[in-house]
Each structure stands twice: as C-alpha cells, then as structure tokens.
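Put the complex together from the two separate chains, hints included.
Chain order of the listed sequences is Z and A.
Just so it is clear: in the first sequence, position 114 is 113 by numbering that gives the first Met the number 0, and no numbers are missing.
Just so it is clear: in the second sequence, position 290 is 289 by numbering that gives the first Met the number 0, and no numbers are missing.
The hints are simulated quantities; they were obtained by calculation from the structure and are not laboratory data.
Using N, Cα and C, we set each Cβ at its ideal position, and we do this for glycine too.
Just so you know, not all the hints are guaranteed correct.
[Stated by the list, open to error] Chain A stretches covered by chain Z per the calculated footprint, using a threshold of three residues with CB under 8 Å from any CB of chain Z:
1) 34–44
2) 111–120
3) 144–151
4) 265–271
5) 294–304
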Amino acid sequence: MADLVINDSQVNGLIGEYTERKVSKAEKFLGPEFYRIVHGIFTNPLSIIGFTLIMFFILIAIFAPQIAPPLEGTRDPYKILRDGYSPYPKEPGADWVKKAPELPGWYTTLTGKDHWVHLFGTASGGWDLFYGVIWGTRTAIKVGVLIEGLTLLLGILIGSLAGFYGGWLDTLIMRVTEIFQTFPFILSAMTLSAILTPTIGKGLWPATIALVVFGWMSYARLIRGDILSVRERDYVMAARVVGATDSRIMFQHIIPNAIYPTLVVASLDIGSVVVSFAALSFLGIGTEVGYADWGQLVSFARDWIPQLSKYWWILIYPGMALVLFVLGWNLVGDALRDIMDPRMRGNDA
Amino acid sequence: MSQYIIRRILLIPVILFGVTLLIFGMLSSLDPAERAALYVHDIPKNAQVMDSIIDRYGLDDPFFVQYWHWLTGRVDIDTGEIEGGIIRGDFGYSRSGNTTVAEIIERRFPATVELVLYSIIPLIGVGVWLGIIAAVNHNKFIDQFARIFSILGYSFPSFVFGLLVLMLFYANNGWFPPGRISDWANMIINSAEFTSYTNFITVDALLNGRFDILWDALRHMVLPIITLSYINWALFLRVMRSSMLEALNQDYVTTARAKGVREKDVINKHARPNALIPVVTMAGITIANLLGGVTITETIFNYPGIGSAGASAAVQLDVITVLAFVLLTGLIMLVSNLIVDITYAFLDPRVRLS
Numbered sequence: 000m001a002d003l004v005i006n007d008s009q010v011n012g013l014i015g016e017y018t019e020r021k022v023s024k025a026e027k028f029l030g031p032e033f034y035r036i037v038h039g040i041f042t043n044p045l046s047i048i049g050f051t052l053i054m055f056f057i058l059i060a061i062f063a064p065q066i067a068p069p070l071e072g073t074r075d076p077y078k079i080l081r082d083g084y085s086p087y088p089k090e091p092g093a094d095w096v097k098k099a100p101e102l103p104g105w106y107t108t109l110t111g112k113d114h115w116v117h118l119f120g121t122a123s124g125g126w127d128l129f130y131g132v133i134w135g136t137r138t139a140i141k142v143g144v145l146i147e148g149l150t151l152l153l154g155i156l157i158g159s160l161a162g163f164y165g166g167w168l169d170t171l172i173m174r175v176t177e178i179f180q181t182f183p184f185i186l187s188a189m190t191l192s193a194i195l196t197p198t199i200g201k202g203l204w205p206a207t208i209a210l211v212v213f214g215w216m217s218y219a220r221l222i223r224g225d226i227l228s229v230r231e232r233d234y235v236m237a238a239r240v241v242g243a244t245d246s247r248i249m250f251q252h253i254i255p256n257a258i259y260p261t262l263v264v265a266s267l268d269i270g271s272v273v274v275s276f277a278a279l280s281f282l283g284i285g286t287e288v289g290y291a292d293w294g295q296l297v298s299f300a301r302d303w304i305p306q307l308s309k310y311w312w313i314l315i316y317p318g319m320a321l322v323l324f325v326l327g328w329n330l331v332g333d334a335l336r337d338i339m340d341p342r343m344r345g346n347d348a
Numbered sequence: 000m001s002q003y004i005i006r007r008i009l010l011i012p013v014i015l016f017g018v019t020l021l022i023f024g025m026l027s028s029l030d031p032a033e034r035a036a037l038y039v040h041d042i043p044k045n046a047q048v049m050d051s052i053i054d055r056y057g058l059d060d061p062f063f064v065q066y067w068h069w070l071t072g073r074v075d076i077d078t079g080e081i082e083g084g085i086i087r088g089d090f091g092y093s094r095s096g097n098t099t100v101a102e103i104i105e106r107r108f109p110a111t112v113e114l115v116l117y118s119i120i121p122l123i124g125v126g127v128w129l130g131i132i133a134a135v136n137h138n139k140f141i142d143q144f145a146r147i148f149s150i151l152g153y154s155f156p157s158f159v160f161g162l163l164v165l166m167l168f169y170a171n172n173g174w175f176p177p178g179r180i181s182d183w184a185n186m187i188i189n190s191a192e193f194t195s196y197t198n199f200i201t202v203d204a205l206l207n208g209r210f211d212i213l214w215d216a217l218r219h220m221v222l223p224i225i226t227l228s229y230i231n232w233a234l235f236l237r238v239m240r241s242s243m244l245e246a247l248n249q250d251y252v253t254t255a256r257a258k259g260v261r262e263k264d265v266i267n268k269h270a271r272p273n274a275l276i277p278v279v280t281m282a283g284i285t286i287a288n289l290l291g292g293v294t295i296t297e298t299i300f301n302y303p304g305i306g307s308a309g310a311s312a313a314v315q316l317d318v319i320t321v322l323a324f325v326l327l328t329g330l331i332m333l334v335s336n337l338i339v340d341i342t343y344a345f346l347d348p349r350v351r352l353s
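For reference, chain A alone in the conformation it holds in the complex (with noise of 0.2 Å):
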C-alpha cells in the first residue's frame, strides 16, 4: 500500500517533465517574435528592436537551452535578477489579457472554483440519487425513464445546453442573467464600503452582510450550475447504477435480507457504501475536469473564470497565455488523480489490506 503511493509519488517528476516538454515543444513552434512575450510586455514592431530582444532573452538558443531558461528563469546581465521561469510563477505576458499571465490566473481562477464547489452537490448528488433509484428499480419504467433522461443529457453538446437554458430562462423573463455579477453589485464589491476576504463573491458578501449581492451572484450561477449538472449526470448515473445493481447480487446482501434487515436498510446501509467506490474516482476526475476549466460552459455564459480566459486566448492565437493555462490544468489533474487513487485505495477493503 505505502509502495504504491510512494511509487505513484515518484512518477509526478517524470510525467511533469513530459507536460513541459511537450508544452515547451508547442512554444518553439512559434517564431521567436512571439515567444518574446515571455519576457516584454510590449513586442516592438521595430525589426531591430525585436533582435536585440531576442538575442537578450536567448530566443535563439538551443532547444534544451531555452526549455531550462523557461523552466527557471535566467538572470539578467544588466540587473542580476532572475526572469521569467515557470517554476517561480512567472508565465510571460498575456496579449488577449493585456496583463501577466499569472495575474489573470490569480483574478479568474477564484470565480471558476467558486462555481465549480456550488456545481459539485447538484451533479454528484442527484446523478447517485438517480443511480441509486434506477438500480433499486431495476427495469422497470422509472429505471428507462431515468435512461432515457441521462442519455438525452449526455448527447446535447454543451453550447447547444446552454444556449437552450439561456433561451428559456433569460432571453424570455430575465431570471437568471448570464456573466458574474450585475454591474450595481460589482461596483459595490470595488468600493471602498466592501471587503474583499476570499475573492468567492458568495462568500464575501456573507461576510460583508450584504444578502443582495449574496442573491444577485447566486442567481449569475443557477444557469451554468444547471448546465453543467445535466450534462454529467448521465455519467454518475450510467456508473452508480451498474455498481448498484452489482452491489445488489453480491450474498452479504442476500444475508442482509435473509437476516429480516428491512429493504431500505439493506439499499442504504449494506449496497449503498459499496457501490459507491467507484463513483468516488469518478467524482474526484469530474472534479479536476471542471476545475481545469469549464471552457466551454464559461464561455457561453461570459462567466469571468479560467476557462473563458483560455478559450478567448486561444481564439486570438494568445499561445503563451493558452499553455499557461494547459500547464495549471495539467498540473491540478495529476494531484488529483494522484488523491483519488490514494482514497479508492483506502476505501475498498481489498485493495486497502493487501
């Protein structure tokens, strides 16, 4: 057990020097002109200041050269201090941002985990819920209208989704308005009268006991909740249910029920605990899915997250602000995986005794 986690530890290096490898191979595909975003704000039109630039920052090195200077930083002959280098935080300047990278990855990331932490109760819950009653309910007409539902989810795209959503319930009536915030709140949340602790605007406004923009910023989030929701509980559902029905044959149920144990303590205190081992993985996947980004849901509801920011870079072939956001994502998904194996592996009893 130890050994495991230990060796799946020591694998993190070698697959992060693959990602940056890899993403540093997609860097060098662009001309030096543009990989000087790396260092300057401003890439000068003037051909002759471009190659001063590039031959101050080595933009001409060799590969594995550059790919060390990007990794670390290098040292300024002028000044001695160190620029650039990933490992420092430092990701270059973004165009489409009109900012550094990492700043626009510490103003974003913030908004795409707060609704990611509201998303996570509605998805998981009733796609398990409705799991649970398929299986429970095993081919009978609840358990085909519940296929039939998840199925229909999981075929819309998520833009069509979410156009449809917005249809019905913005472009009609108002409700549930697409963006972050309505423009009164944030100029509350800017003012002097507005603290801002956590930069989760739910939260902030709780603390700041202003209920109104507590309302305002929920209702911003119900849409993409919603969205996001239904396109995924065709998955929890699909999984919950095969390990349902599954954990519903084994004999210590069948000795639960021999026993005189009522039915709906045997679904919920002897299947249940079981079939949810493997919803747990596929929890904490979904999970570093959405919080790499809700590219796609973001961007339709011009929620002001990182995914937006990757999509609207990449649109303007922004690459060096798109694979900064590649490099986070990559990064969030490897420790997450690395977490979820380590709890499915204290969770089953026989993987946790071995």
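Same shape as in the complex, but just chain Z (with noise of 0.2 Å):
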C-alpha cells in the first residue's frame, strides 16, 4: 500500500507540467484539431514547397494583364494572341512579324530586347505559347475554382439530404449515388459534353457542367458520413428540444460542425479539376480553338508527335505549367492526408 501514496510534491509537479504546456495565440484561434492540421502543412517542407507553387501561379493569374498584355482593344483577352498564320511552329525567341503588343514594364530589364519576341515560340498556326500559357494559369484557376466550388455545392446538398433525415431518402439517394459512381468519369464527362455543345454553345460551361455532374459523388459521401455522426451529438438533440426548424438545425448545428473534411478534401482536389478540364479541352471538347487553356496548348503538340524533338517547345511550356501547378497540389494534398490519417498520429516525422 505504501507504494501508492504519492506525495504533495508529485502531484504539484504533475499539475505543473500540465498548465505549463503553451497554447499559442493561433491554437486558440483555431482550436487544436484544425491547428494540428494548420502546423503540419506549414512545417513540412514538401508542402511548403507545393503552397509557394500555388502562390506562384495565383500572382500569375492575378497580374497576367501585365505579364502578358493583350493586344489594344481586343474584346476577348482569353484568346490567344496570333503571329500570322504561319503552319510550322517558330522556335523561343522568333521575333513578332505582325503586330506584337505593347512592352510591359518588366520585359527590357528581364530579357535585354526592346522589341517583344515569342518568348515560349509559337505554336502551328501562329499562336502564341507564351501568352496562352500566362493567360491559360487565368483559365486553370477560374475554371478550377468554378468547378469545385459548383460539384462541393452539389455534393453537400445531396449528402446532406441523405445523412440529415435519413430512412428511405438516404437509401434512395445513396442508390443514386452508386448509379453515377458507375460511370466511367472521363468518358461520360466527353459524352455530356458532347450533348451540351450544340445547345449552349462551345466555351468553358459545357465541360464544366460535364465534370460537376459526374463529380459530385465522393464528396456527397463524406459529407453524409460526418453528418450521421454528428446527428447523435447532444448540442442537436437540444436544439431539436427547443423546437427548432429543420432548416435551423441543419444549416446552424449540423452542417457547420460536420463540413470541414469535405471543405479540406474538396479544396485539394483543384489540382485534378484542372486536369481534368484540360484533358478534356485536349481531346478537343470544350473551348473553341484558340482559348487559353493548358489542355487545348498541349494538344498543339499532338500535330507534330514525329517531330516532337525538332518542335520540343510546344509541349515543354505548356506541359510543365499543368504538371507544375497540380503538383503544387499534390504535395498539399499528401502532407495533409498524412497529417488527418489516424495511423500516423503523434510520429512527427
């Protein structure tokens, strides 16, 4: 028995350890979990990495106008400037032969040239790469932004029905969701496409309702998934007490506390969007010729697959700004995944 008694000492030393441990001002901020999840993306060097890749491309986009200014008075900045007409490609550093636009700022310093040249080259048919990538990071984000934000929406509404009142509904509506997870995603979003183009016209909307359609699945799991645990938690059952509506319960109680996996998920998941939406405009279904867009850029490079080596450039460019730009993704996205998965917790590695 005289071995368990601890003494006044001990127990102070406990105690003291315990309100000695430093909540910082951001911890309180953001309460622990989401701060575990804040700190570990922002110490680990490769998702360091992967967020100044992201930045990087978001100034592009935000300065384009400056980066690479459009022609004076055109009405469409999104179309890629042309050189003529010329059918070969011209190499980096081919001087304009129709008119070029104006010189920002930066370009004399940078490039010691006083007149523009094809800093990228050109694609067949004149097209400027430089300009459709610099242009094309726009489309990426807009168009990344747009989809996700439009499939999330989808998503949440159609989990959150299900998890929310359950029953019959749920079984119907996960039913639903079975049937679409059966299609094959790439080739119904080209199909849906396909449909859509004659109705709404060529552009960014029918491949962006194409890819939401067939997007909406995994998030609409997750979300039902968290929303059926959080449904048991006390704070509703009061609320539920007390009479509030529906709508209340769900919109101030459930889906606030129940939303942050998906936001997560969903917000990493940019980086395939865009590749997504580019494979599509790729294969030539989607925006008009002449968009700047990664995916219609890099299917230049499709017309000169034997002389890739000779035209490296119409490939190269356009084909690192997309791999790039999903890598900075990517390397988010892995260190969070190791951050949430429960098997890796407390190994700080």
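Okay, structure coming up:
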C-alpha cells in the first residue's frame, strides 16, 4: 500500500507540467484539431514547396494583363495572340512579324530586348505560347474554383439531405450515388459535354457542367458520413428539444460542424479538376480553338508527334505549367493526408 | 457472408436500371432525327423520309415507351422481325465508325484487353514493390525518394506524360512507335497465311510462329504501358506503404520478431500478406477502370482500342456510340466491383468468419 502514496510535491509537479504546456494564440484561435492540421502543413518542407507553387500560379493569374498584355482594343483577352498563320511552329526567341502587343515594364529589364519576341515560341498557326500559358493560368484557376465550388455545393446538398433525413431518402440517394459512380468519369463527362455543346455553344460551360454532374459523389458520401455522426450529438438533440426547425438545425448546428473534412478534401481536388478539364479540351471538347487553356495548348503538340524533338517547346512549356500546378496541390494534399491519417498520429516525422 | 453476396447481387439489377435510365435520358435529349441512328444506318436528309422513319420507329413516343423499345427492341410492323434492343446487343449505328456500334466493340475491345493485360504486371507489381520498400525503410532516404517519385507521377496528366515519352523514345529515334502494329505486319495479319485465333495480336503471332510480328506488336505497346504504369504507381505505392506500415506495427509482427524469425521472413511472410488486402480492392477497381477504355492514353498513342473510339466519337458528337461505350464500361465496373468485394470478404479473415 505504501507504494501508492503520492506526496504533495509529486502532485504539484504533475499539475505544474500540465498547466505549463504552451497554447499559442494561433492554436486558441483555430482550435486544437484544426491547428494541428495547419501547423503540420506549414512545417512540412514538401507542402511548403507546394504552397509556394500554388501562390506563384495565383500571382501569375492575377497579374496576367501585366505579364502578357493583350493587344489594344481586344474584346476577349482569353483569345491567344496570333502572329500570322504560318503552318510551322516558330522557336522560342523568334521575332514577332505582325503587330505585337505593347511592351510591359518588366520586359526590357529581364530579357534585354527592346521588341517583343515569342518567349516560348509559337505553335503551328502562329499561336503565341507565352501568352497562352500566362492567360491559361487564369483559365485554370477560374475553372478549378468554379467546378470545384459547384461540385462541392451539389455534393453537400445531396449528401446532407441523405445524412439528415436518413430512412428511405438516404437509401434512395445512396443508390443514385452508386449509379453515378458506375459511370466512367472521363468518358461520361465527354459524352455529356458533347450533348450540351450544340445547345449552349462552345466555351467553358459544357465541360464545367459535365464535370460537376459526374464529380459530386465522393463529397456527398463524405459529408453524409460526417453528418451521421454529428446528428447524434447532444447539442443537436438540445436544439430539437427547444423546437428548432429542420433547416435551422441543419444549417446552424449540423453542417457547420460536419463540413470541415469535406471542405479540406475538396479544396485540394482543384488540381485534379484542372487536369480533367484540360484533358477534355486536349481531346477537343469544350473551349474553342485559340482559347487560352493549357489542355488545348498541349493538344497543339499532337500535330507534331514525329517531329516533337525538333518542336519540343510546344509540349514542354504548357506541359510544365500543368504539371507544376498539379504538383503544387498534390504536395499539400499528400502532407495533409499524412496529418489526418490517424495511424500516423503522434509520429512527428 | 452469403447473405452479403446475395444482397449485392440483388442490387445489380436496380443499379443497372438506374444506369440505363440515365443513359436513355441523355439520349432522349437529342432530337428524334439523330436518335434515328439507333435503327437506321444512313440518316436521310429529306424531311419527309425522316418523318416516316420517326413515325415508323416511334421516336416521338412517350419517354418510357421509347425506353422500353430501346432496351428490348421493337417488332417491325412489316417483317415481324425484332429490331434494336440493347439487351440483344444492338446499339444502333455509329456515325463516327461508319458501321454498327456492336461491330466496333467487337473489333476494338480485344485491343484494349490486350493492352490492359500487359499493363497490369508492371503497374501493380512495381507499385506494390515500391510501397513495401518505402515502408520497410520508413522515413529514410529511399522512402522520401519513392514518395517524391510517385507524387511527381501522380501530378503528370497522362496526356502530357504520354507526349513526353513519345518525344523521347519515338520522335528522336523511332524506337517505340505509336499505333498497334506496323503496316507491313498488318498486311500479313490480314492475309490468308495468318490465322487470327484470339484477336490478341501477340498471342496470335505466337500461335502462327511469327516472332517478328510478336516483337512488332510488343514494341508498339511499350510506351502506353509505361504511361499507364507511371501515373498509377503513386496510388499503389501510397496504399501499400501505409498498409504495410500498419502491418509492421501489429502485435503478430512483434511476436514473430521476438521468436527470432529472420527480418526477411517477417516482412515477406508475416506482414506482407495482410498488408496486401487493401491493394486487392484497388487493383480490381484499377483493372476495371482500365478495361473501360484508357481513353486518353489510347488517343495519344493512336491505339485502336475502345477508349480512343469513344474519344473520337465524342469529339464528332456521335452520342449514340459514346453512350454504348459508357454502358459497356458501367457494366464492367459493376461486375468487377462485385468480384472485388467478394474477394475482399474471402481474403480478410475478420470478414470471412463473421
């Protein structure tokens, strides 16, 4: 029995240690769970590289008109600038033949030239690749956020209906989800945009709608699962007892507490959404020829497969932009997956 | 266990009904003139002829009547023969392929299957192997290297990677050409001296004793296989690594080590078999996905499989053809998901014995 006696100083020591754990302002603000995620992301070297890449592309998108100024008086800056209609690609550094855009401020300092050249070369048909890659960044981010936002909205709506009401509605919705998951993603998205194109015309919308229609399922399942667990919490019961309406319980109590995992997963899917969109336009579905978007730029390289070692720039520049963009998202996503994986918890590597 | 399997099998018709309904929903958003391709080869320009076709095949009927006819076929008023009906394998006529859809599938599906069969071994084998190495050397250099290698692969869109390998291994030196077979070999295959037993060119070449054709066919498949493998390795590496790490932390592994089992046997005989279970699920899904047509990869390499047929049909807005492919792929997915789930249940002792 004597062994079990703990003297006062030991007890004080234990309490002292406990109270001494430093809780930073950031942790207080974000809450322990969310703080752990944020902290993990910003201390992992790979995810820092990822963040830097993403920021880099966001800056390019914001400053696109300054980096690659459109011709004066153009109505649509997303239309890639064309320098003549020559069937042969021109190498990087070739002079502009036709009217070139105005020189931006950074140009002469960085390149040491006083006239526009094709910095990244041109594809066949005189499309300027530099202009295409820069404005394509805008398209990528625009499309990524738009598609991801719509997909998420649809997923959350469907998933929360299933999770909140349960019963036969849940069964029905989950069967429908299964049906949609049976469809092959790219092929179905291609089909739907092919059906939509004659009615709504070429542009960003057919592919956007198609990718949303066949992309919401995983978010619906994710949020449904989280809602099912949140629904049983005491505070939801309390809200019900005081007579809150269904929609109030749903939007004020359940969704705010269940939404974070879905939001995090969804925001990191922007990279893969951009790839799917680029794949569709690579295959010739979606935007019109000459619209600044990376998938289409890469597809210019398809015309020159046997001569690609000669005309490498058509593939390398837009391809690199796409790969680095996706790499940025994946690096952050990979770090996040490790942080959120309960098996890796407490293991500070 | 058997109850679970029965429930899963009973669900298949329900899901199939939903899938076909959705597909027909997309079909019926076309105008009746386009849907005529379900029954007739040449769509007439003449409006009167068109009207009589619409009338004759009931393309103006209510949705569910048309759906039923599309599903089971309809009896021709004049001849009494059954026409159309996807259950009978009649998907109508393909504008982009200039023949019946069923014939396109028959001609192109073996090419896809052949490519997929050759891809599976490097795709899954190397991915799993990398995952094991990464887990065994957890957090050491080799682990970090494998992870970066795989994240990079995961970040390459297949069309960029495909064009890149074409640039390096074809445009420069002509080593591995795109397509399925060279022209000279194709001529021999179509001639009388060559018998096609299986429509898998490599197998047929072996059976005919033509090693030059076998070599030619393999050469054409190298780049698509590399592309499919590299972009999928990341997935297998990640799953295998994390499930191997989990297995290595289990009590039975500690027990084995405590008994003095060699580390090699601990990894290969104790940890690996259990760590492989989640990989089985993923392998099944991956194979099903590949069989559904590796749309983009086939298109880049100009490989005449079902994926590139689907892509070119979609680009030409030939909805009838693509939807048939979507249905076929969906069916493959459904059946293979069932197989995967049942295998999973048999492999995992916790599920099997419950």
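Quick rundown of the hints versus the structure:
Under the rule that three or more residues need a Cβ within less than 8 Å of chain Z, the assignment of the region 34–44 of chain A is violated, with 0 such residues. Only when three residues or more bring their CB closer than 8 Å to a CB of chain Z does the claim for the region 111–120 of chain A stand; here the count is 0, and the claim is violated. Restraint check on the region 144–151 of chain A versus chain Z: 4 residues with Cβ-Cβ distances below 8 Å, three needed, restraint holds. Given as covered by chain Z, the region 265–271 of chain A fails the check, having 0 residues with a CB less than 8 Å from a CB of that chain where 3 are the minimum.
Proximity of the region 294–304 of chain A to chain Z, defined as three or more residues with a beta carbon under 8 Å from a beta carbon of that chain, is established by the 4 residues found.
Going through the hint list in order, the structure does not satisfy hints 1, 2, 4.
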